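Given next are the chains, with one letter for each unit.
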Amino acid sequence: MRNKSVSFWLFLTPVLLSLSLVVIVPLLLGLFYSFTNWNGLTFTEFIGFQNYIQIFQDESFINALWFTTKFTIACVILLNFIGLGLALLVTRNLKTKTFLRTIFFMPNLIGGLILGFIWQFIFINVFDAVGKMAGQDWLMGWLSNETTGFWGLVIITAWQMAGYIMIIYIAYLESVPQELVEASEMDGATSFQKFRYVIFPLVRPAFTVSMFLTLSNSFKIYDQNLSLTNGGPYDSTQMLAMNIVRTAFESNQMALGEAKAVIFFIIVAAIALTQVYYNKKREVEV
Amino acid sequence: MKKKKRKGILILEIIGVLLALLWLAPFYLMIVNAFKTKKGIFSDVLGFPEELTFENFKNAFIDLDFLNALFNSVLVTTISVMIIIVFSAMAAYALQRNNSKLSKTLLLVFVAAMLIPFQSVMIPLVSIFGSVDMLNRPGLIFMYLGFGCSLSIFLYHGSLSSISKSLDEAAIMDGANRLQIFWHIIFPILKPISVTVAILNLIWIWNDYLLPSLVLSGANETIPLRMFYFFGQYTKQWHLALAGLTLAIIPVIIFYFVSQKHIIKGVVEGAVK
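Chains as they are written, first to last, in full-length UniProt numbering: chain A, 1 to 286; chain B, 1 to 273.
It is possible that part of the hints are untrue.
[Said to hold, decoys possible] Think about it this way: if two alpha-carbon atoms lie no more than 30 Å apart in a straight line, the pair counts; the simulated DSSO-like pairs of lysine-lysine are: (1) A:Lys280 <-> B:Lys104; (2) B:Lys261 <-> A:Lys220; (3) A:Lys97 <-> B:Lys5; (4) A:Lys95 <-> B:Lys7; (5) B:Lys191 <-> B:Lys261; (6) B:Lys265 <-> B:Lys191; (7) A:Lys194 <-> B:Lys5; (8) B:Lys165 <-> B:Lys265; (9) B:Lys165 <-> A:Lys97; (10) A:Lys97 <-> A:Lys194.
In short, the hints are calculated from the structure, not lab data. Computed from a predicted model, the values in this text were never measured in an experiment.
Bound-form chain B, shown alone (with noise of 0.2 Å):
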């Protein structure tokens, strides 16, 4: 019974590298034929480059505008994140401590908020922000907070319900005001929530597409928007393109083996709840 038992383990765990092969399988194809030549990746697909070119990786580093658009990623990601954590965890503070019918309206309008697709609102919001000159960054990273604020209220809603009150009212008793309150007490026993919140926010906002190429143009242009229009230039030319995808995703790499674990739980906890 106990033999047979790790017998079946074992199977468990070859089907299981296997599979984690075949996922994997895309990167290496990707890797391996970024380092050869259009010749090399003609008369072989799937074995090693038979020697190591970085040629490509250098043409298409200067033809992505490569540190350009790392650039424009981080920022854009990072300012839109920041705004949407702070912006939604004092939205989130004000409507949780506030028992109002008004205050449940607004929470039930943030929620229902969720269920827009971007698709239907795209069109008249470019027509609105291109009439106020505000198709650019600060407009951009404006509109994220538009549409990342809703579920980041929701969950931070959640997270305060099980914070007490009486800490703000031992807080108002020492003569301090609500942003201060919100600021010093509240915020940092938030953090783990945060954290959560940033990363739900950062996935989608630096992997996304649709948005910018409405919204931005030329030298600021994020990385996605840079593979864009560096893969139309190069198609039939694969270990440039293949070059650039490799380095288009190094970043993501780093960044997820590196947080993981609370991308992980910050995944579990926006899609269960």
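Chain A with its partners taken away, still in its complex shape (with noise of 0.2 Å):
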């Protein structure tokens, strides 16, 4: 297909249409809005560096964004830590694999918003009960305080995707050439060893790949913050899409929202272009 013919443009122009209407437009102008006193509607004046300087100000924004990078650090780990577990359990010759691996999957395709209310009930209602029952008074008034919130949502984002990040390490596991794997029980190797020497180093792309999902899908989360802990008490569960959304919908701060969302985009973008350039990497060293 040529580049002048009708055909071509005609093929692309609806994906072009709406890819530069509802992200490379709202994009660039958004960053241009982040430098006026924009209202939503219109703007005055130009103002520089001010919206960027009142966001390191503004103890919410900070707050959220430790917040943020504590979840996602706690998130990441556990994550890789449960999925890899859970993958290695299951590719095992167990009688139950299959009808395990389809309930360890299930919690991904509920969406967050009704995952954070069951979850809500749950360590509200559940755990007050059973900890009066135990005994435990650690298990009793969940989510009324940033600590618990914060294992809260945790919890129920490693509950969520632990098995999407499984599925990943499966797709690799099972790529594993089965005579190497019995090649080492024949010379005696332990579980351990096993999994050190000879399954270890050929499923280490399955690291980059989940590292990176996990690491940019908890950053990103907003679904199970709302409805989880609405960002309470007093904000400080609160994460930095919700702090966005609240900046320019709630308090109608619409160019100080869009310079806290260009801050965002960078780091996502970041995180992104840093998986990009390991892939590369280790395309040339493969």
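Using the supplied hints, reconstruct the complex from the two chains, each of which is provided in its own coordinate frame.
Structure follows, in structure tokens:
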């Protein structure tokens, strides 16, 4: 198909039009507005970096950034640990392995908003009842302070996404040649040695893939945050995405919200570009 | 040695089943409590209900306006997914069969667009679409095309490189135009990847809350939106809230058990590529 042909452009028009109007124009316009006093409809002057300066004096944003970072680190570690563990379990010769995969993956298909509401019930009512029965004080009063709100969010994310990470590890684990594993067994390798020296080096690419997936997914979370803790108590569990939404659509500080959105974009893009860089480097090595 | 190994497997089977029960516990707790009265939940949150009451479901069904919300979700999701499939496949075909610098640059633009998080475009997006009165269902579907097309084009582009160009050339000889070639020859061959693209888009569009919450209102609300308002109305009335949540999950669970194989395959392809 040639460039100048009518059909080339005809085929591309619908997606080019929607991508431009929905993603590219808003991104550029947003970047532009972040240097003005835009109120959602018009702006009267350029104010340079004033919005950005204001962001870093904005305690709610700094708190959200810090909370999101902590949350992301906890999720990346926990998710990869659980995901790999589950994958190692269900790639063994178990009778129940198909059933287990089905169950572990299931929470993934349900929206974060709905899952957050279900878990709100569990953390508040079920934890409380069990705590009373077993005399465990630490199970009471969940989601009523920052610490339990934080771990609540981590638990729900781990429970929801672990099956997804498991599926990725399975895809790589099943491509490990069985002869290699058997040969190492013949040589008398222990289970740990088998994993460390035979399986692990072969599934290393899966670590890169799932590391970055969990990193960017955890960083961008909004729905679970909204339905589980709603940012509370007193905004202490508010994450970045929620902070941007609230600044723009609830406090109506459009230009300030947009400047936060630009910072958010830079962080997410940096994570993604690091991944691209790693993938390129790996391809060269292989 | 053999015996020891069999014992090891048995232990793993038990661990697996215990973990599965742990994974299912939230669903169990949701369902059993959805059948209890408010008092029933208060007196025993873990066990089965003493007597089944369907009252909660009846009330939740009515208050959620469930059939209407289900219809809205199905409508928005299916139309968006169909549009994404057809237009992304067409675009990927044009880009893959054209060897110019321009088409390589365009593909790169689509791939790069995948890195842009929704939150960093949403504020101007809502303002632009609001100013031309497009904060409605057609506007939402158009937005889903914009957000969904990048990954879809990328996946289609990969599959198209394994479809021989001689097919196109033979058809051109027979006097077919590009649209005919695409629609009658290429698109049917792409069916396996179309299933993947459909599933990946279906999952996120069905569950999406933030974008429709900024775009839709009133009678057009999808299940997640209705659920949000419903839940706000019934805080502390867990028997009703849980019945509503159970209703909201049923369509997804049915879909999962019907097309589980395709879903898992699709998710792997979407993540690993």
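Each hint, compared with the structure:
Annotation: proposed proximity of Lys280 (chain A) to Lys104 (chain B) holds, straight-line Cα distance about 18 Å (limit 30 Å). Our distance criterion of 30 Å between C-alpha atoms is met by Lys261 (chain B) and Lys220 (chain A), whose separation comes to about 28 Å. Taken as a hint, the Lys97 (chain A) and Lys5 (chain B) pair is honoured in the structure, with Cα atoms around 17 Å apart against an allowance of 30 Å. The suggested pairing of Lys95 (chain A) with Lys7 (chain B) holds, with an alpha-carbon distance near 14 Å, which does not exceed 30 Å.
For the proposed pair Lys191 (chain B) and Lys261 (chain B), the alpha carbon gap of about 15 Å is at most 30 Å, so the pair holds. For a cut-off of 30 Å, the pair hint linking Lys265 (chain B) to Lys191 (chain B) stands: about 14 Å separates their Cα positions. With a C-alpha separation of about 15 Å, the suggested pair Lys194 (chain A) and Lys5 (chain B) falls inside the 30 Å cut-off, and the hint holds. Restraint check for Lys165 (chain B) and Lys265 (chain B): satisfied, since their Cα atoms lie roughly 27 Å apart, inside the 30 Å limit.
With a CA separation close to 42 Å, the supplied pair Lys165 (chain B) and Lys97 (chain A) exceeds the 30 Å bound. At most 30 Å may separate the alpha-carbon atoms for a hinted pair to count; Lys97 (chain A) and Lys194 (chain A) meet this at roughly 21 Å.
This entry does not satisfy hint 9, going by the numbered hints stated previously; all others are met.
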